[in-house]
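Student: Sequences and hints are given; from them, build the entire structure.
Protein chains: 2
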Amino acid sequence: MVLKDATAGPRNEKGIAAVIGVLKQRFGERLNTGHSTREQHSHTTTYIPEQLPDAVVFAENGAEVQEIVRLCADHEVPIIPFGTGSSLEGQVNAPLGGISIDTASMNRILEVNAEDLDCVVEPGVTREDLNVHLRDTGLFFPIDPGANASIGGMAATRASGTNAVRYGTMKDNVLSLTAVTADGRHITTGSRARKSSAGYDLTRLFVGSEGTLGVITSVTLRLFGIPQSIISGVCPFPTVSDAVNAVIMTIQMGIPVARIELLDALSIKATNAYSGLSNPEMPALFLEFHGTEQSAKEQAKMFGEIAAEFGSGEFIWAGEQEERSKLWKARHNLYFATLQLRPGAKAIATDVCVPISRLSDCIGAAQEDAAECGFAAPIVGHVGDGNFHVTLLVDEDSSAEIGAAEAFVSRLNERAVVMGGTCSGEHGIGQGKKSALVDEMGDALVTMRQIKAGLDPANIMNPGKIF
Amino acid sequence: MVLKDATAGPRNEKGIAAVIGVLKQRFGERLNTGHSTREQHSHTTTYIPEQLPDAVVFAENGAEVQEIVRLCADHEVPIIPFGTGSSLEGQVNAPLGGISIDTASMNRILEVNAEDLDCVVEPGVTREDLNVHLRDTGLFFPIDPGANASIGGMAATRASGTNAVRYGTMKDNVLSLTAVTADGRHITTGSRARKSSAGYDLTRLFVGSEGTLGVITSVTLRLFGIPQSIISGVCPFPTVSDAVNAVIMTIQMGIPVARIELLDALSIKATNAYSGLSNPEMPALFLEFHGTEQSAKEQAKMFGEIAAEFGSGEFIWAGEQEERSKLWKARHNLYFATLQLRPGAKAIATDVCVPISRLSDCIGAAQEDAAECGFAAPIVGHVGDGNFHVTLLVDEDSSAEIGAAEAFVSRLNERAVVMGGTCSGEHGIGQGKKSALVDEMGDALVTMRQIKAGLDPANIMNPGKIF
Chain A
1 MVLKDATAGP
11 RNEKGIAAVI
21 GVLKQRFGER
31 LNTGHSTREQ
41 HSHTTTYIPE
51 QLPDAVVFAE
61 NGAEVQEIVR
71 LCADHEVPII
81 PFGTGSSLEG
91 QVNAPLGGIS
101 IDTASMNRIL
111 EVNAEDLDCV
121 VEPGVTREDL
131 NVHLRDTGLF
141 FPIDPGANAS
151 IGGMAATRAS
161 GTNAVRYGTM
171 KDNVLSLTAV
181 TADGRHITTG
191 SRARKSSAGY
201 DLTRLFVGSE
211 GTLGVITSVT
221 LRLFGIPQSI
231 ISGVCPFPTV
241 SDAVNAVIMT
251 IQMGIPVARI
261 ELLDALSIKA
271 TNAYSGLSNP
281 EMPALFLEFH
291 GTEQSAKEQA
301 KMFGEIAAEF
311 GSGEFIWAGE
321 QEERSKLWKA
331 RHNLYFATLQ
341 LRPGAKAIAT
351 DVCVPISRLS
361 DCIGAAQEDA
371 AECGFAAPIV
381 GHVGDGNFHV
391 TLLVDEDSSA
401 EIGAAEAFVS
411 RLNERAVVMG
421 GTCSGEHGIG
431 QGKKSALVDE
441 MGDALVTMRQ
451 IKAGLDPANI
461 MNPGKIF
Chain B
1 MVLKDATAGP
11 RNEKGIAAVI
21 GVLKQRFGER
31 LNTGHSTREQ
41 HSHTTTYIPE
51 QLPDAVVFAE
61 NGAEVQEIVR
71 LCADHEVPII
81 PFGTGSSLEG
91 QVNAPLGGIS
101 IDTASMNRIL
111 EVNAEDLDCV
121 VEPGVTREDL
131 NVHLRDTGLF
141 FPIDPGANAS
151 IGGMAATRAS
161 GTNAVRYGTM
171 KDNVLSLTAV
181 TADGRHITTG
191 SRARKSSAGY
201 DLTRLFVGSE
211 GTLGVITSVT
221 LRLFGIPQSI
231 ISGVCPFPTV
241 SDAVNAVIMT
251 IQMGIPVARI
261 ELLDALSIKA
271 TNAYSGLSNP
281 EMPALFLEFH
291 GTEQSAKEQA
301 KMFGEIAAEF
311 GSGEFIWAGE
321 QEERSKLWKA
331 RHNLYFATLQ
341 LRPGAKAIAT
351 DVCVPISRLS
361 DCIGAAQEDA
371 AECGFAAPIV
381 GHVGDGNFHV
391 TLLVDEDSSA
401 EIGAAEAFVS
411 RLNERAVVMG
421 GTCSGEHGIG
431 QGKKSALVDE
441 MGDALVTMRQ
451 IKAGLDPANI
461 MNPGKIF
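Note that the protein sequences, when read in sequence, are chains A and B. Mind the numbering: the first sequence is residues 1 to 467 in the UniProt record's numbering, read in order. Mind the numbering: the second sequence is residues 1 to 467 in the UniProt record's numbering, read in order.
Any given hint could turn out to be false.
Each computed BS3-like pair below joins lysine-lysine, with the alpha-carbon atoms no more than 30 Å apart [stated by the list, open to error]:
(1) A:301 x B:297
(2) B:326 x B:269
(3) B:301 x A:301
(4) A:269 x A:301
(5) A:297 x B:297
(6) A:346 x A:329
(7) A:14 x A:24
(8) B:329 x B:301
(9) A:269 x A:329
(10) B:346 x B:326
(11) B:301 x A:297
(12) A:269 x A:346
Stretch by stretch, here's where chain B covers chain A in the computed footprint (C-beta under 8 Å, at least three residues) [claimed, not checked]:
(13) 115 to 128
(14) 154 to 161
(15) 184 to 193
(16) 241 to 254
(17) 292 to 304
(18) 355 to 364
(19) 385 to 395
Cβ-to-Cβ under 8 Å is the rule here; a few derived chain B residues that face chain A [claimed, not checked]:
(20) 116
(21) 158
(22) 196
(23) 205
(24) 265
(25) 298
(26) 429
Bear in mind the hints are in silico, worked out from the structure with no lab data behind them. Predicted model only: the values in this text are computed from it and were never measured. Glycine residues also receive a C-beta, built at the ideal position from the N, C-alpha and C atoms.
Tutor: The following block contains the structure:
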C-alpha cells in the first residue's frame with residue numbers, strides 16, 4: 001500500500017520533450033497529450049492515486065512498438081504498456097511520466113490452430129472478444145479474471161480467476177509470446193510446442209513481469225474444447241471451515257472441479273439484498289463441473305456426498321444454461337452487491353493466497369481483524385487455489401480509514417506469508433504491494449533486481465513497479 | 001551436437017588448487033579427487049565425451065552448499081551440481097574443470113503436506129524414493145522421465161516424460177525451490193501457495209536453468225491423489241499418421257488421458273524380438289487412463305471409438321495391475337530392446353517437440369531421413385505433447401557414422417523449429433544442443449545471456465552449458 005517510490009528520480013524532461021516531438025511527427029493524431037486521455041491511462045480501477053504519463057501513443061502493430069521503444073531507449077524515457085487498464089495495483093501509473101503505449105488497436109487474432117488447441121493473438125485482444133471469435137470452433141480460452149481484460153495485460157500480470165483450479169493461470173496457458181525488450185530487440189520467447197526444455201523459460205519470466213522487462217506484442221495461448229456438459233451448483237455450509245474442509249477433500253479425491261468459489265455470510269447477505277435472492281445467510285460454495293454428461297454428473301454427485309460429510313445444507317445443482325445462471329447469480333453480481341453495503345465508499349481489494357490447509361485460519365483471522373477495525377469486509381475466495389479477496393469499503397476522504405485499511409492489508413499479507421503463502425495470488429505487485437514483496441521475498445528480491453538490471457539497465461520499462 | 005565451447009577459457013589452476021585445499025580441510029573424506037570418482041561424475045548416460053571435474057564434494061545440506069559456493073565464488077572456480085548423472089546432453093561435464101557438488105546425500109524428505117497435496121524434498125531424493133515414501137499417504141508424484149533421476153536434476157533440466165500430457169512437466173509441478181546463487185545467497189523462489197503473481201517467476205527461471213544460475217538445495221513439489229482406477233491399453237494403427245490423428249482427436253475431445261505413447265513399427269519389432277511378444281509390427285499407441293472406475297472406463301471406451309474411426313486394429317485394455325503390466329511390457333523394455341537392434345552400438349537420443357498437427361509430418365521426415373542415411377532409428381513419442389525421440393544406433397569408433405548422426409540430428413532440429421517446435425522437449429541443452437539453441441532462439445538468446453550475466457557475471461555456475 002506504500003506509495004513511496006524508491007526508484008523515483010527526477011523526471012527526464014528533456015528526453016520526454018524530445019521523444020514527444022518525434023512521436024508527433026511520426027504518429028500524428030495517434031500521439032495524444034491531452035489531459036483526459038492521459039488521465040484515462042493512469043487512473044483506472046486501482047485505489048492508488050493517478051500519476052499521468054506525458055503522452056499516450058496508440059500503436060497498431062509490433063513494428064510500431066519496436067520503433068517507439070527504440071526512440072524512448074535512445075532518450076531514456078519511461079515506457080508504460082497499457083491494455084484495458086483493469087489492473088488493481090497501480091500497474092499503469094506513470095510516477096516518472098513518460099509514454100503510455102496503448103495496445104487496444106493491436107486487437108487482431110493472428111492464428112487459431114484448432115488441431116493444436118492454440119491461438120496467437122495481439123496483446124489488445126480482450127478475453128471476451130477472443131471467446132466470441134472462437135465460438136464456432138468448439139474451443140474456448142478459460143482464464144477469467146472477472147474484468148474483460150486484454151490478453152497482453154493478463155499475461156503481464158499473471159492473471160487467473162475463478163477457474164484456475166482446473167485450467168491454471170496465465171503462467172500455464174501462455175505457450176510463448178513476442179516482446180520488445182528495453183534495448184529494442186523484438187524477441188520470441190518460445191515456440192508453439194506444448195513443452196520445451198530449450199534454455200531459460202523466458203515465457204514464464206515475461207508472464208507476470210508487469211511491463212518491467214519489455215512490451216508484449218503477441219501472445220500464443222492454449223485453448224480447450226468447450227466441455228460437452230457443464231453443471232453448476234450452490235451449497236451452503238455452517239462455517240467457512242466446513243466449506244474449506246469440503247474443498248480440501250474434493251481436491252484430494254481428484255475431482256476435477258472447474259470452479260469452486262467461496263462467499264462468506266456477509267457476501268451472501270449483500271447479494272441477497274442486491275439481487276433479491278434468498279440464499280441462506282451462511283458461507284456458501286459456488287461450483288462448476290465440466291466433462292462428459294456422465295463425468296460431470298459423477299463429479300457433482302461425489303461433491304454432494306463430500307459436502308454432506310461436512311454438514312452442508314442442500315446442494316442444489318443444474319445443467320441447463322438458464323438454471324445455471326440463476327444459481328450463480330449471487331456470485332456474478334458480487335462486486336456491485338458488495339459496493340452497496342456502503343454506498344459511495346471506495347473498494348480496496350486484497351489478494352492473499354495460502355496453502356489450502358491454512359485457508360480457514362487465514363480467512364478467520366481476517367474476519368476477526370476486520371471486525372475489530374469496524375470494517376464491513378465481505379470475502380470471496382477462489383478456494384480451490386487457497387486464494388481469497390477481502391473487500392474493504394472505505395471512505396477515501398478519511399485519512400484515518402485509509403490508514404486503518406493499509407494497516408489491515410499489511411497484517412493480512414504478513415499472516416499469509418507466515419502461513420506459507422503470498423501477498424498476491426493474481427493481482428500482481430504494481431505500486432501497491434512493493435513493500436509486501438520485500439517482506440515476502442527477502443534475499444530473492446536481489447535476484448529479481450539483478451534480472452531487471454541485466455535486462456533494463458536504464459530502468460525505462462514501467463519504472464516504479466514491482467521494485 | 002557441436003562440442004566446441006564458446007566460453008572455454010583457460011582453466012583457473014590457481015583458484016582450483018586453493019579451493020581444493022580449503023575443501024580438503026573442511027570436508028575431509030567427503031572431498032574426493034580420485035580419478036574414478038571424478039570420472040563417474042562426468043561421463044554418465046550422455047554420448048558426449050567426458051570432461052572431468054577437479055574434485056567432487058559430497059554435500060549434506062544447504063548450508064554446506066552455500067559454504068562451497070561462497071568459496072568457489074571467492075576464487076572464481078566453476079561449480080557443477082550433480083544429482084544422479086542421468087542427463088543426456090553433457091550437463092554434468094566440466095569443460096573448465098572445477099568442483100562437482102554431489103547432492104546424493106541430500107536425500108531427506110523434509111515435509112509431506114497431505115492436505116495441501118505438496119511436499120518439500122532435498123535435491124538428491126530420487127523420484128522412485130519419493131514415491132515409495134508417499135505410498136501410505138494415497139498420494140504420488142507423477143513426473144516420470146524413465147530414469148530414476150533426482151528431483152533436483154529433474155527440476156534443473158525441466159524434465160517430463162510419459163505422463164506430462166496429463167500432469168504437466170517439472171515447470172508445472174515445482175511450486176517453489178531454494179537455491180544458492182552465484183554470489184552465495186541462499187534464496188527461496190516462492191511459497192507453497194498454489195498460485196502467485198508476486199514479482200518475477202524465479203521458480204520457473206531456475207527450473208530448466210541446468211545449474212547455470214545456482215545450485216538447487218530443496219524443491220517444493222505438487223502431489224496428486226493416486227487414482228482410484230487405472231486402465232492401460234495398447235492399440236495398433238496402419239500408419240503413424242492414423243495414430244497421431246487419433247491422438248489429436250482424443251486431446252480435442254478433452255479426454256484426460258494420463259499417458260499416450262507412440263511406438264513405431266521398428267520399435268514394436270525390436271520389443272517383440274527382445275521380450276518374446278507378438279504385437280503386430282505396426283505403429284501402436286500405449287495408453288493409460290486415470291480416474292474413478294466409471295470415468296476411466298468411459299475414457300477408454302471413448303478412445304476406442306476414436307481409434308476405430310482411424311482404422312485401428314484391436315484396442316486391448318485392462319484394469320488389473322498384472323494385465324496392465326503385460327500390456328505395457330513392450331513400452332517398458334523399449335530402451336534395452338532398441339539397443340539389441342545393433343549390439344555394441346552407442347545410442348544417441350534426439351528430443352524434438354512440435355505442435356501436434358505437424359507431428360506425423362515430422363516423424364515421417366525423420367524416418368525417411370534415417371532410411372536414406374542407412375540408420376536403424378526406432379522412434380518413441382510422448383505424442384500427446386508432440387514430443388518424440390529418434391534413437392540412432394551408431395558405432396562410436398566410426399567418425400563417419402558420428403558425423404552422419406550429427407548431421408541427421410541437426411536436420412531434425414531444424415525441421416522441428418520450422419514446424420513451430422523446439423529442439424528440446426525434455427532433455428535440455430547442456431553441451432549437446434548449444435548450436436541448435438542459437439538457431440532456435442535467435443535474438444531471444446541475447447536475453448538469456450543478459451540474465452546469465454546479471455546473475456552470474458564471473459560464469460562460475462556450470463560454465464559451458466546452454467550457452
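Student: Does each hint hold? Answer for all of them.
Tutor: Status of the hints after comparison with the structure:
1. This hinted pair checks out: residue 301 (chain A) and residue 297 (chain B) have alpha carbons roughly 18 Å apart, not beyond 30 Å.
2. Pair hint residue 326 (chain B) plus residue 269 (chain B) holds up; C-alpha atoms about 17 Å apart against a cutoff of 30 Å.
3. The suggested pairing of residue 301 (chain B) with residue 301 (chain A) holds, with an alpha-carbon distance near 22 Å, which does not exceed 30 Å.
4. In summary, the hint linking residue 269 (chain A) to residue 301 (chain A) is supported, as the alpha carbons are separated by about 27 Å, within the 30 Å threshold.
5. The suggested pairing of residue 297 (chain A) with residue 297 (chain B) holds, with an alpha-carbon distance near 15 Å, which does not exceed 30 Å.
6. Taking the CA atoms of residue 346 (chain A) and residue 329 (chain A), the gap is near 23 Å; set against the 30 Å cutoff, the hint holds.
7. The straight-line distance between the Cα atoms of residue 14 (chain A) and residue 24 (chain A) is roughly 16 Å, inside the 30 Å bound, and the hint therefore holds.
8. The hinted pair formed by residue 329 (chain B) and residue 301 (chain B) meets the criterion: a straight-line CA distance of about 22 Å does not exceed 30 Å.
9. Of the pairs offered as hints, the one joining residue 269 (chain A) and residue 329 (chain A) holds, with about 13 Å between alpha carbons and a cut-off of 30 Å not exceeded.
10. Simply put, residue 346 (chain B) and residue 326 (chain B) have alpha-carbon atoms about 28 Å apart, close enough for the 30 Å limit, and the pair holds.
11. Under the criterion of a C-alpha separation no larger than 30 Å, the hint pairing residue 301 (chain B) with residue 297 (chain A) is consistent with the structure, at around 18 Å.
12. Pair hint residue 269 (chain A) plus residue 346 (chain A) holds up; C-alpha atoms about 19 Å apart against a cutoff of 30 Å.
13. Remark: the segment 115 to 128 of chain A is confirmed as covered by chain B, as 4 of its residues place a Cβ nearer than 8 Å to a Cβ of that chain, reaching the required three.
14. Counting residues of the segment 154 to 161 of chain A whose CB falls under 8 Å from any CB of chain B gives 4; the rule of at least 3 is met.
15. Using a Cβ-Cβ cut-off of 8 Å, 9 residues of the segment 184 to 193 of chain A lie near chain B, which meets the minimum of three, so the contact claim holds.
16. Here's how the segment 241 to 254 of chain A fares: 5 of its residues keep a CB closer than 8 Å to some CB of chain B, so the rule of at least three is met and the hint holds.
17. Three residues within the 8 Å Cβ limit are the bar, and the segment 292 to 304 of chain A against chain B gives 5, so the coverage statement holds.
18. By the rule of at least three residues with a Cβ nearer than 8 Å to a Cβ of chain B, the coverage given for the segment 355 to 364 of chain A holds, with 3 such residues.
19. Here the segment 385 to 395 of chain A counts 3 residues with a CB under 8 Å from a CB of chain B, which clears the bar of 3, and the coverage holds.
20. The interface hint given for residue 116 (chain B) is met, as the beta carbon of that residue sits about 4 Å from the closest beta carbon of chain A, less than 8 Å.
21. Evaluation of the residue 158 (chain B) hint against chain A yields a held restraint, the C-beta minimum of about 4 Å falling below 8 Å.
22. The closest approach between the C-beta of residue 196 (chain B) and any C-beta of chain A is roughly 4 Å, which is under the 8 Å cut-off, so the hint is satisfied.
23. A cut of 8 Å between beta carbons decides the hint on residue 205 (chain B): the least distance to chain A is about 6 Å, and the hint holds.
24. The beta carbon of residue 265 (chain B) comes no nearer than 24 Å to any beta carbon in chain A, farther than 8 Å, and the hint placing it at the interface is violated.
25. About 6 Å separates the beta-carbon of residue 298 (chain B) from the nearest beta-carbon of chain A, less than 8 Å, and the hint is met.
26. Contact between residue 429 (chain B) and chain A, as hinted, is supported at the beta carbon level, the nearest pair being about 6 Å apart and thus within 8 Å.
When the structure is compared with the earlier hints, a violation turns up for hint 24 alone.
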